[in-house]
Structure formats: structure tokens, C-alpha cells
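Please put together the full structure from these sequences, using the hints given.
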Amino acid sequence: MGAESTDAVPRHRYTAALAGAIEQRWQRYWEERGTFHAPNPVGPLADGELPDQKMFIQDMFPYPSGSGLHVGHPLGFIGTDVFARFHRMDGRNVLHTMGFDAFGLPAEQYAVQTGQHPRKTTEENMRTYLRQIRRLGLAHDERRRIATIDPEYYRWTQWIFLRIYDSWYDEQADCAKPIASLEQAFAAGDVSTSDGRAWTDLSADERRAEIDERRLAYISEAPVNWCPGLGTVLSNEEVTADGRSERGNFPVFRRNLRQWMMRITAYADRLIDDLDRLDWPDKIKTMQRNWIGRSYGARVHFPCGDSAIEVFTTRPDTLFGNVALILAPEHPLVERITADAWPSDVDSRWTGGATTPAEAVAAYRRAASLKSELDRQENKDKTGVFTGTYATNPVNGERIPVFVADYVLMGYGTGAIGVAPGEDQRDWDFVTVLGITPVRTVQPPAGHPDDTPYPGDGPHVNSSHENGPSLDGLNIDDAKKTITAWLEEHDHGKGAVQYKLRDWLFSRQRYWGEPFPIVYDETGAAHALPESMLPIELPEVDDYSPRTFDPDDADSMPSPPLSRAGDWVEVELDLGDGPKTYRRDVNTMPNWAGSCWYQLRYVDPTNSERFVDPANERYWLGPQDAHGPNDPGGVDLYLGGQEHAVLHLLYSRFWQKVLFDLGDVSSDEPYRKLFNQGYIQAYAYTDARGSYVPAEEVSESDGEFFWNGQKVNQEYGKMGKSLKNVVTPDDMCETYGADTFRFYEMAMGPLDVSRPWATKDVVGAHRFLQRLWRNVIDESTGELRVTDTEPSDEDLRALHKTIDGVRGDYDGLRFNTAGAKLIELNNHVTKAYGKSGTPRTLAEPLVLMLAPLCPHVAEELWSKLGHDNTLAHSTFPVADERYLIEDTVEYPIQVNGKVRSRITVSASATQDEVKATALAEEKIAALLNGEPRKVIVVPGRLVNVVL
RNA sequence: GGGGCCGUAGCCCAAUUGGCAGAGGCACUGGAUUUAGGUUCCAGCCAGUGGGGGUUCGAGUCCCCCCGGCCCCA
Numbered sequence: 001m002g003a004e005s006t007d008a009v010p011r012h013r014y015t016a017a018l019a020g021a022i023e024q025r026w027q028r029y030w031e032e033r034g035t036f037h038a039p040n041p042v043g044p045l046a047d048g049e050l051p052d053q054k055m056f057i058q059d060m061f062p063y064p065s066g067s068g069l070h071v072g073h074p075l076g077f078i079g080t081d082v083f084a085r086f087h088r089m090d091g092r093n094v095l096h097t098m099g100f101d102a103f104g105l106p107a108e109q110y111a112v113q114t115g116q117h118p119r120k121t122t123e124e125n126m127r128t129y130l131r132q133i134r135r136l137g138l139a140h141d142e143r144r145r146i147a148t149i150d151p152e153y154y155r156w157t158q159w160i161f162l163r164i165y166d167s168w169y170d171e172q173a174d175c176a177k178p179i180a181s182l183e184q185a186f187a188a189g190d191v192s193t194s195d196g197r198a199w200t201d202l203s204a205d206e207r208r209a210e211i212d213e214r215r216l217a218y219i220s221e222a223p224v225n226w227c228p229g230l231g232t233v234l235s236n237e238e239v240t241a242d243g244r245s246e247r248g249n250f251p252v253f254r255r256n257l258r259q260w261m262m263r264i265t266a267y268a269d270r271l272i273d274d275l276d277r278l279d280w281p282d283k284i285k286t287m288q289r290n291w292i293g294r295s296y297g298a299r300v301h302f303p304c305g306d307s308a309i310e311v312f313t314t315r316p317d318t319l320f321g322n323v324a325l326i327l328a329p330e331h332p333l334v335e336r337i338t339a340d341a342w343p344s345d346v347d348s349r350w351t352g353g354a355t356t357p358a359e360a361v362a363a364y365r366r367a368a369s370l371k372s373e374l375d376r377q378e379n380k381d382k383t384g385v386f387t388g389t390y391a392t393n394p395v396n397g398e399r400i401p402v403f404v405a406d407y408v409l410m411g412y413g414t415g416a417i418g419v420a421p422g423e424d425q426r427d428w429d430f431v432t433v434l435g436i437t438p439v440r441t442v443q444p445p446a447g448h449p450d451d452t453p454y455p456g457d458g459p460h461v462n463s464s465h466e467n468g469p470s471l472d473g474l475n476i477d478d479a480k481k482t483i484t485a486w487l488e489e490h491d492h493g494k495g496a497v498q499y500k501l502r503d504w505l506f507s508r509q510r511y512w513g514e515p516f517p518i519v520y521d522e523t524g525a526a527h528a529l530p531e532s533m534l535p536i537e538l539p540e541v542d543d544y545s546p547r548t549f550d551p552d553d554a555d556s557m558p559s560p561p562l563s564r565a566g567d568w569v570e571v572e573l574d575l576g577d578g579p580k581t582y583r584r585d586v587n588t589m590p591n592w593a594g595s596c597w598y599q600l601r602y603v604d605p606t607n608s609e610r611f612v613d614p615a616n617e618r619y620w621l622g623p624q625d626a627h628g629p630n631d632p633g634g635v636d637l638y639l640g641g642q643e644h645a646v647l648h649l650l651y652s653r654f655w656q657k658v659l660f661d662l663g664d665v666s667s668d669e670p671y672r673k674l675f676n677q678g679y680i681q682a683y684a685y686t687d688a689r690g691s692y693v694p695a696e697e698v699s700e701s702d703g704e705f706f707w708n709g710q711k712v713n714q715e716y717g718k719m720g721k722s723l724k725n726v727v728t729p730d731d732m733c734e735t736y737g738a739d740t741f742r743f744y745e746m747a748m749g750p751l752d753v754s755r756p757w758a759t760k761d762v763v764g765a766h767r768f769l770q771r772l773w774r775n776v777i778d779e780s781t782g783e784l785r786v787t788d789t790e791p792s793d794e795d796l797r798a799l800h801k802t803i804d805g806v807r808g809d810y811d812g813l814r815f816n817t818a819g820a821k822l823i824e825l826n827n828h829v830t831k832a833y834g835k836s837g838t839p840r841t842l843a844e845p846l847v848l849m850l851a852p853l854c855p856h857v858a859e860e861l862w863s864k865l866g867h868d869n870t871l872a873h874s875t876f877p878v879a880d881e882r883y884l885i886e887d888t889v890e891y892p893i894q895v896n897g898k899v900r901s902r903i904t905v906s907a908s909a910t911q912d913e914v915k916a917t918a919l920a921e922e923k924i925a926a927l928l929n930g931e932p933r934k935v936i937v938v939p940g941r942l943v944n945v946v947l
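Quick note on numbering: the first sequence equals residues 1 to 947 in UniProt numbering.
Calculated directly from the structure, the hints in this document are not laboratory data.
The reader is advised that the hints may include incorrect statements.
To be verified - Capping the alpha-carbon separation at 20 Å, the derived lysine to aspartate or glutamate pairs in EDC-like fashion look like this: (1) K500 to D274; (2) K673 to D809; (3) K673 to D811; (4) K673 to D279; (5) K923 to E913; (6) K494 to E171; (7) K673 to D282; (8) K721 to E704.
To be verified - Label pairs and their in silico Cβ distance ranges: (9) E609 to E31: 25 to 31 Å; (10) D381 to G458: 27 to 33 Å; (11) R583 to E142: 37 to 43 Å; (12) A173 to E570: 37 to 43 Å; (13) E310 to R197: 17 to 23 Å; (14) A367 to D478: 38 to 44 Å; (15) E609 to D52: 24 to 30 Å; (16) N475 to T355: 46 to 52 Å; (17) A173 to N869: 41 to 47 Å; (18) E124 to E537: 16 to 22 Å; (19) R583 to E213: 19 to 25 Å; (20) S181 to P614: 27 to 33 Å; (21) G709 to K500: 54 to 60 Å; (22) A173 to E537: 32 to 38 Å.
No experiment lies behind these values; they were computed from the predicted model shown.
Glycine included, every Cβ here is placed at the ideal spot set by N, Cα and C.
If you want it as C-alpha cells, here you go:
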């Protein structure tokens with residue numbers, strides 16, 4: 001831009017350059033004065049007086065990605081900032097900050113490729129991230145920034161792990177308790193040992209095993225997705241439908257491996273039931289309920305040789321139709337019950353072509369281990385092999401064959417099912433393949449096809465036995481009650497609740513995560529390290545990748561990166577038995593660990609004595625009377641994307657509840673109110689060859705799109721480098737300033753709705769700020785142009801209506817309509833005073849109301865209006881009711897639903913007066929033919945005359 | 001396949017929750033400023049709410065069916 005053109009612009013116009021200067025100045029001001037420091041009740045962050053009303057606002061923990069931010073990332077951050085600034089201006093003590101969920105795979109993979117320590121990469125990324133968000137003017141308390149990779153942070157993550165490890169779930173009391181009380185309970189006989197022997201009869205090792213088995217954090221042989229080609233276990237999400245790793249496309253095997261587990265299932269009921277006390281979107285609550293998947297049914301024992309197979313079913317009423325049993329391929333009884341030889345009359349469809357049951361089962365199990373769980377559940381082509389063994393159906397004494405089939409999963413129920421083809425599609429498909437005849441136990445309605453199961457309700461049939469119960473004629477509910485009572489009475493089983501939720505696999509064979517504060521002695525027994533040894537810091541290693549194997553070597557064992565840090569792994573310690581050599585646990589915690597409790601650390605980030613001081617925790621997170629008697633407490637607003645609907649939010653709730661049970665925190669839920677923001681998406685364009693072209697260089701003409709003269713194809717979706725459609729907040733700050741960007745981003749639409757980014761629309765927000773600026777400042781002289789003129793009655797009505805509306809909008813996270821109302825008021829001011837100067841009584845509240853959305857320009861104008869202090873605290877205007885009440889009301893008058901005329905009456909007119917005036921109105925009277933059939937008067941709204 | 005959410009002007013979105021379809025922005029048109037373009041300012045223009053049926057005095061809003069899009073579960 002040349003000198004000539006800048007001359008044309010008035011010197012004091014609100015341009016991007018001026019905006020940039022203002023923004024930097026105020027960002028420095030806020031930082032230097034600690035404007036957004038939120039005082040704590042106690043500790044280093046305490047600072048004199050404490051407002052009684054607090055507001056704790058939290059964004060979902062960002063991962064500091066290396067590729068930088070695009071305009072979609074800060075949408076939620078700006079939203080929470082506007083909300084936070086509004087409440088701070090309304091007098092509340094507002095805690096809002098941001099830290100980093102900084103452990104994770106991308107930095108580790110980068111380290112594997114380049115040899116650069118993941119900490120270095122991560123810290124660089126965090127700096128970039130902070131620089132980018134700092135430009136946006138987010139009012140964070142920067143003293144409270146934390147990162148999960150800081151040893152002073154993960155020290156407490158490890159501490160919480162030990163708290164969980166050191167507790168058990170007391171079913172009677174329905175809460176977690178310290179492990180010491182379990183020992184007492186065992187000794188007193190309140191809790192029985194696994195084999196029923198008396199506690200005093202157990203050896204020390206046996207006692208330890210009993211206790212270890214009941215811990216909330218425990219080691220188990222759990223089936224996991226083992227990927228030898230990558231050298232690590234994978235989460236289900238990382239495995240493709242055809243049973244291979246998403247990354248690298250290596251085979252993935254279901255293997256039992258010793259892994260840390262968290263007993264989240266102990267909390268299944270509370271995690272479901274407490275959802276009712278949360279102010280969360282119904283959608284997320286539903287997703288959590290479905291994930292936990294509570295169902296009521298029965299556990300039934302089917303005698304089988306000298307053992308018994310336990311089955312869980314949600315339909316015990318269909319037991320008479322159980323024509324077979326199925327064990328999951330991983331079921332521990334499979335080997336024991338598999339027969340030596342096929343019965344002489346075995347059906348060829350049952351043998352898998354093998355000469356003995358053992359061969360058939362072994363081959364089948366091997367094939368099943370190659371399939372993903374998803375695949376096993378979804379596959380419509382059912383398979384299975386006969387074990388050569390029969391079990392006895394307890395309700396009728398019939399001999400039924402026992403199969404192994406992979407659509408039965410070990411992780412759900414007991415890993416064994418009774419096959420009820422008459423009422424279940426999967427079972428129907430299964431028996432069809434194996435040539436077994438289905439038996440219906442519920443009579444389908446007339447017209448139901450003969451070749452499909454009937455899962456609906458109806459009278460039971462074929463459901464009685466001389467020595468057993470009779471369900472015939474009963475509906476499902478009554479049949480379930482009857483059969484469950486019968487099973488319990490005859491000791492064949494009992495009513496049971498089943499959950500889809502499984503315990504949480506808590507170890508990973510990675511480098512870049514929290515080490516476990518656990519060592520193993522020479523017998524392999526785990527020992528917790530004392531609190532005084534925390535944090536257990538990550539050792540330096542030469543190679544950040546786990547050892548990998550032949551991709552098809554299913555029997556290989558994981559060898560995590562930490563296992564090769566020899567000096568670190570072998571450690572001599574005195575854990576009470578004198579100095580001994582121990583081996584450290586070489587796994588690391590999963591990425592979720594650090595984000596399970598960060599709201600607690602934000603509250604007291606510098607505390608070196610405790611993970612959080614109870615006084616600070618109670619003040620910021622404790623239950624509050626204002627929220628009613630059942631208030632769970634927690635963060636006042638938690639904002640983030642829906643992608644964390646289940647895992648993070650469930651894990652976090654679980655940890656919170658454990659800490660609550662142990663008396664470490666005062667609230668039993670971490671997040672009282674949850675809000676999901678939408679996503680900003682973008683158009684992308686491909687040329688004739690399908691390559692992406694730079695979106696910013698594409699122009700539209702008559703609904704078609706062109707780039708460099710050639711026609712291109714429009715796509716809609718994510719913003720990303722590979723799609724060549726990235727717009728960054730830095731670009732927007734450069735072109736328009738952060739305030740314009742903030743305003744536009746909030747004005748685009750409701751916060752919870754996804755929408756397309758449109759750079760060309762941003763200018764509208766910029767023009768608004770220019771007009772508002774001009775209403776306060778003379779563009780050419782820079783002088784204030786406010787006056788002491790008394791505002792008109794109309795002005796005051798417009799002003800107070802805006803105050804009233806904007807307050808409600810800010811509080812309800814409706815920033816788009818708040819912005820529109822401010823534009824409207826500003827347009828009113830421009831029209832009335834654009835030439836003469838704005839009355840101060842209008843200018844000041846307008847500036848204050850703008851501040852949450854556009855804080856820099858608002859501070860600048862506020863200071864130019866003669867105020868020495870920041871507007872950040874306790875300045876938000878309050879509407880005067882007087883100006884919200886109208887003297888007169890205009891009523892549209894409809895005749896048969898169509899507006900035919902209007903009348904203006906006093907606001908105090910009664911319904912009868914309004915009706916009379918309406919009917920007397922000239923045009924309406926002319927349409928009337930005698931008495932109307934009906935006249936509807938909606939007070940304050942309209943009149944409808946029905947002829 | 002099951003469940004949920006959403007379709008309002010050329011585009012992004014409002015609509016006091018069943019009461020006058022339009023607040024705000026973009027684009028567009030005209031005018032002012034400017035040597036001109038751009039900027040800026042002022043004024044104006046545009047739909048009857050995806051389609052069909054129902055309830056109601058009255059439906060964008062409630063109910064049913066269909067179409068299109070997104071999400072979750074299988």
C-alpha cells in the first residue's frame with residue numbers, strides 16, 4: 001500500500017493497523033497488571049477479598065498440535081472468553097485459564113522419526129499455540145497454566161493413580177474405601193475370600209493376591225489388541241474393521257496380556273444414575289447411558305460334565321428355546337470341556353472339517369483372534385464349531401450341544417450365551433448355518449414370516465416342563481419374573497444386572513506418557529512406590545519406539561521403549577523389607593490420564609503439598625446452594641466438542657467419584673454444565689484431475705467455481721493443509737484485528753451449530769466496529785465526540801431493551817444475537833447522532849456491552865471516555881425496568897388468520913377494550929357481517945377475528 | 001438396519017417457544033465521498049420457511065409420511 005492511499009484514510013479510523021496497535025497495548029496492560037488473576041481462598045494465589053459469587057469456566061484441554069491453529073480451533077475458546085468476561089463484568093470471581101494435554105502420540109511419532117525428544121517438540125508447539133491464542137485477547141489467568149507433561153503435574157497424576165490403586169469398592173456401602181479397610185473386612189469375615197477360606201488360613205502371598213484382585217487399579221490378563229508389527233497394544237478405535245492397524249495396516253491379534261486395568265465398572269450404576277443431576281446436553285447423556293449399557297437379566301448355570309457353564313441373558317424368559325450354548329473363543333472353559341472325539345453321528349457342518357474337536361476348536365480360535373471385535377459382532381455370516389460336548393438346560397433337562405462361535409465376546413456378560421433363535425436374529429442366523437431347528441417360545445402375531453425370529457412381546461409357548469416352571473401364556477415381563485424366581489429357588493441362577501461397560505485398559509507400550517509409580521519384586525508382585533518418591537520421571541532413552549516384531553508373530557511379547565532404559569528399570573529400594581532390587585513397570589499411562597483431573601489442578605496449580613487444597617477445591621468446585629439440594633458441584637461451564645462425549649467425560653467422572661469417595665474432593669461430579677460447540681468447516685475445491693487448488697484463489701460466477709480460468713469442483717468439509725483451504729486466526733488478526741475476528745466468529749451463528757467459514761463475510765464485523773468507533777471518536781482528529789446531551793425517551797428505550805436482551809444472550813451463550821443487538825443499537829445511535837456527537841449516556845453502556853465480544857477496542861474507548869481503570873470488573877450495565885415497559889401496544893388484526901389492519905392501544909388496555917377497538921376499526925368493521933364467530937385476543941401480541 | 005439432530009432470502013443466520021416470517025451480516029442495486037479504482041458512508045432489493053398431509057382461530061414452531069444433510073449405535 002503506497003503513501004497516497006494511506007493519506008486517503010482518516011488518521012484515526014479504526015483500521016486493522018490501529019486495531020493491532022490497540023490490541024497489543026491492552027494485552028500487555030492486562031498481563032502486566034494481572035487483570036484476569038482470579039483470587040483463591042487460600043495459598044499463594046489468595047489475594048485479599050474474595051467475591052462470594054464465583055464462576056469456573058473451562059475449555060476442553062487442547063493437544064498442542066504442531067501444525068498450528070486454524071480459525072475453527074479457537075471458536076470455543078472465544079465463546080468461553082466472552083462468557084467469562086461477561087460474568088466478570090457482572091461482578092463474579094471468574095476462573096478461566098488454559099493448559100495443555102501434552103502427552104500423546106504425534107510428538108512421540110515425530111521423535112521416533114527424527115530422534116528429537118518429544119518434550120522439545122511438545123514445548124515448541126505449546127509456545128506456538130500460546131502465541132497464537134494470546135493474539136486473540138483471551139482473558140486467562142496465566143498463573144494457572146499447566147501441562148500434563150510437567151513432572152510437577154504428573155506427580156499428582158501418579159499420586160491419584162496410587163489413591164485408586166490403594167482402594168477397593170465396598171458394594172455394601174456403595175463407595176470406594178482405602179485398601180486397609182478391606183483387610184479388616186476380610187479379617188472380620190464381612191468380605192469373603194475368593195475360595196471361601198478364612199482370612200487367617202491364607203498365607204501372606206495369598207492374602208496379597210486377594211487384596212490385589214480387588215483393587216480399583218489392578219493388573220489383569222485382559223484380551224487386548226496386540227499389534228506385533230507396531231510393537232504395541234492398540235485401542236479399539238485404532239483397529240480397522242478388517243482387523244488391522246489403522247496405522248501401518250499390520251495384523252492385529254486379540255491376545256491376553258498382563259495389563260493395568262481401572263475398575264470403572266464398579267461405578268457403572270452411579271455413572272448412569274448421576275447423569276440425571278447434570279446440566280448436560282441430552283444427546284451426550286444418552287450416549288453415556290448407551291455406552292455403559294445397563295441391562296437387567298439373569299445368570300443361569302448349565303451343567304456340563306463335571307463343570308457348569310454360566311450364561312448371562314437379558315431374556316431368561318426364552319430359556320426353553322435354548323437349543324444350544326455358545327462359548328466365546330477365549331472362554332477359559334473351552335479347553336476343559338472340548339471332547340476327545342466327535343460323536344459318531346456328528347453333523348459335518350459342526351466340525352469345521354477337522355478330525356477331532358480339539359483341532360477344530362484350535363483352528364477356530366486362531367482364526368477368531370485375527371478378527372476385530374467390531375468385525376465379529378457385525379459379521380452377518382455366522383460361524384462356529386462344536387466342542388463335541390453337551391450341556392443340560394436346567395429348565396427342561398434337555399441335552400444341548402456346546403459350540404464355540406466368535407460372535408460371542410468374552411468381554412460381555414460371562415462370555416457364554418444360550419442360543420435362543422426364536423427371539424434373536426443373530427442366534428437364528430447361527431442355527432441356520434449349523435442346521436439346528438429353531439424353537440419359538442414367544443408366539444409371533446399373525447402374519448409374522450416363518451423364517452425370521454420374533455423379538456417382540458407376546459404370549460409364551462413351548463415353555464413348560466413337568467419338573468420345571470411354566471411360562472406358557474405369560475408376556476415377557478411376567479415370564480422374566482417367574483423364571484428368575486424359579487432359577488433362584490432351585491439354585492440354577494439368579495437375577496443379574498449386566499453392563500456393556502468394561503474395565504478401562506490403562507497401560508500403553510509407549511514412551512510419551514506418565515510412568516507408573518509401581519515396581520515389581522523378584523516374585524513379580526507389584527509394589528506401590530511411596531508418595532515421597534513421586535514424581536517418577538521419564539528416563540532418557542536412545543530410541544522412542546517400542547520393539548517391533550514380525551507382523552504375523554502373534555505370540556511375540558510387547559517390549560515397550562521404557563524396558564530398554566536399563567539403569568532406570570532396575571532400582572534398589574527399601575520398601576520396608578530392607579534394600580532389595582526391584583524392576584519398574586515399563587508401561588505408561590494412556591493419554592486420558594492427565595485430562596481426568598485437570599479441573600482440580602487449575603484450582604490450585606502451584607500447590608506442592610497436595611494435588612489441590614480442600615478450601616480452594618470447595619470454593620471453586622464444591623456443590624452450591626444456588627444450584628439446589630442435589631447439586632453435584634463441578635465446573636460451572638465446560639465447553640468442548642462432542643468427540644469426547646463418552647471416553648474422556650466418563651473417565652473423568654470416574655476419577656472424580658473415586659476421589660470423592662476417598663474424601664479428597666467435595667463434589668462427586670467434575671462438570672456441572674456441559675456445552676458442545678459446533679465446528680467451523682470450509683469449502684475446498686478440486687480441479688479436473690482431482691487435485692486441490694488454493695481455496696482463497698477460487699472465484700464464483702453463476703453458481704460455478706473457477707480457479708485460474710478453469711472450472712473447479714466445490715467440496716465441503718474440514719479445514720486442513722491438504723485441502724488447501726486453511727484460514728488462520730493470525731491471518732484474520734493481520735487483516736482485520738482480533739476484535740473483528742472474535743466478533744465475526746461469534747456472530748456467524750449459534751455456538752453449538754457447525755457452519756462454513758466465509759472470509760468475505762468478516763468485513764461486516766469490521767465495518768460495525770468502525771461505525772461504533774466513529775460514534776465515539778472523530779476519525780480525523782482523534783478527539784472524543786461524545787456530548788452531554790440528554791438522550792431521548794426513544795434512545796433510552798432502545799438502550800435498555802438492548803441491555804436487557806444482551807445480558808440474557810451473553811448468559812445463554814447466544815453470542816450471535818447479542819452481536820446483532822449491539823449492531824442494532826449502534827445503528828440507532830448513528831442515525832440519531834451520527835452528525836452531532838453521541839450522548840455519553842449512550843456511548844458508555846454501548847462500549848461496556850461490546851467489551852465481552854471485542855475487549856481491546858472496548859477498553860480503548862472506555863479509557864478515551866476518561867476512565868482510568870480497566871472495564872473488566874463489575875461494570876456491566878443493568879437495564880432499568882422503566883424503559884422496558886411500553887406505554888402503547890400496536891396490535892395487528894387478523895381476519896381468519898390474515899393481517900387486515902392494525903390498531904394502537906394503551907398497554908394497560910384490557911382484553912375486552914382491545915377486542916372492542918379492533919372490531920370498531922374501520923377496515924375490520926367493513927369486513928364484518930354481523931357478529932364474528934370468535935375473537936381471539938393474545939395480550940400484547942395480536943387480535944384474530946374469525947368470521 | 002435402529003436412534004437422534006437439522007433443512008427459513010443467492011449465502012451465513014434471527015423469529016419473545018403456537019401469535020405480524022426478518023433482527024444482524026455478506027452478496028447485489030442505486031446514491032454520496034474520490035481524478036478513478038478501492039475504502040468509507042447512506043438508501044434500497046430479495047423468500048413465505050425442503051415436499052406432502054394433519055391438528056388449530058392461527059404452524060417456521062406440534063403430529064404423520066417422503067426427500068436431502070450431519071451425528072451416534074449396530
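Failing hints, ascending?
-> Failing hints, ascending: 8, 17, 20.
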